[in-house]
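Participant: Chains as they are written, first to last, in the working numbering: chain A, 1 to 113; chain B, 1 to 115.
Please note: incorrect hints may appear among the correct ones.
Unchecked claim - Output of the computed footprint for chain A on chain B, the stretches with three or more beta carbons under 8 Å from beta carbons of chain A: (1) 36–43; (2) 73–87.
Claimed, not checked - Partner residues are not named here, just some residues of chain B that face chain A (Cβ under 8 Å, in silico): (3) Ala24; (4) Pro61; (5) Tyr64; (6) Asn65; (7) Phe90; (8) Tyr104; (9) Gly109.
Hints are computed from structural coordinates only; laboratory data are not their basis.
Please read these numbers as outputs of a predicted model, since none were measured by experiment.
Glycine residues also receive a C-beta, built at the ideal position from the N, C-alpha and C atoms.
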Amino acid sequence: RKEVEQDPGPFNVPEGATVAFNCTYSNSASQSFFWYRQDCRKEPKLLMSVYSSGNEDGRFTAQLNRASQYISLLIRDSKLSDSATYLCVVTALFSGGYNKLIFGAGTRLAVHP
Amino acid sequence: NAGVTQTPKFQVLKTGQSMTLQCAQDMNHNSMYWYRQDPGMGLRLIYYSASEGTTDKGEVPNGYNVSRLNKREFSLRLESAAPSQTSVYFCASKGQGRYGSYGYTFGSGTRLTVV
Numbered sequence: 001r002k003e004v005e006q007d008p009g010p011f012n013v014p015e016g017a018t019v020a021f022n023c024t025y026s027n028s029a030s031q032s033f034f035w036y037r038q039d040c041r042k043e044p045k046l047l048m049s050v051y052s053s054g055n056e057d058g059r060f061t062a063q064l065n066r067a068s069q070y071i072s073l074l075i076r077d078s079k080l081s082d083s084a085t086y087l088c089v090v091t092a093l094f095s096g097g098y099n100k101l102i103f104g105a106g107t108r109l110a111v112h113p
Numbered sequence: 001n002a003g004v005t006q007t008p009k010f011q012v013l014k015t016g017q018s019m020t021l022q023c024a025q026d027m028n029h030n031s032m033y034w035y036r037q038d039p040g041m042g043l044r045l046i047y048y049s050a051s052e053g054t055t056d057k058g059e060v061p062n063g064y065n066v067s068r069l070n071k072r073e074f075s076l077r078l079e080s081a082a083p084s085q086t087s088v089y090f091c092a093s094k095g096q097g098r099y100g101s102y103g104y105t106f107g108s109g110t111r112l113t114v115v
């Protein structure tokens, strides 16, 4: 079983739609959670952190359910420019005590006119 | 522009050849990382360096070596390339991101093909 699992998609939605991505993680000791965005053939970029209380950044809302080990990302009023792959990322500890990021394989979003 | 710079952007190697991927950051970050990304899989950690002078293995270190030359630079070496090492390689450094959380900054990647 992968440590971080995501639906690979693609999600094909029209402009203006609301779309939700889900993610589950297996390590109950994970402390920090993120959504990254990756455009085609580009590097991943941090979109937002995810907090237990839920957090919002403009059209983007992230939620965390620690009990279910489940993370979500909601995008409202989708724009063409939102087309990308969205990576769910959690932290884990190395044996030396340092944090590392564990990446999901990503969910691809395609927004069409 | 401040950030993480990787070279080269593209490379084709023959099986058995060696090469070094270079990475430099100008953000005064302590931690640096090398990841590989393959289709259908998440980024996987090859090696990391928590600070200048230290390096440690990640999830998939076999076939690779690294050097943390100074605080800015962290290089990845393939001593004898194999087709299984065909991948996209990303270097990253860790600093303070938005929301007060630590955020990783990635380089633009190196697309490596081993034939």
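Participant: State for each hint whether it applies.
Facilitator: Tested hints:
Proximity of the region 36–43 of chain B to chain A, defined as three or more residues with a beta carbon under 8 Å from a beta carbon of that chain, is established by the 4 residues found. Given a C-beta distance limit of less than 8 Å, the hint that chain A covers the region 73–87 of chain B is violated, as 0 residues qualify and 3 are needed. Among the interface hints, the one on alanine 24 of chain B is violated; its C-beta lies about 15 Å from the nearest C-beta in chain A, farther than the 8 Å criterion. The interface hint given for proline 61 of chain B is violated, since its Cβ lies 12 Å from the closest Cβ of chain A, which is over the 8 Å cut-off.
Given the 8 Å rule on beta carbons, the hint for tyrosine 64 of chain B is violated: about 16 Å separates it from the nearest Cβ of chain A. This hint is violated: asparagine 65 of chain B has a C-beta 18 Å from the nearest C-beta of chain A, more than the 8 Å allowed. Taking 8 Å as the C-beta contact cut-off toward chain A, the hint placing phenylalanine 90 of chain B at the interface holds, the least distance being around 6 Å. Annotation: tyrosine 104 of chain B was flagged as interfacial toward chain A, and the flag holds, the nearest CB pair being 6 Å apart, inside 8 Å.
Annotation: interface hint on glycine 109 of chain B holds; nearest CB of chain A at approximately 6 Å, less than 8 Å.
Going through the hint list in order, the structure does not satisfy hints 2, 3, 4, 5, 6.
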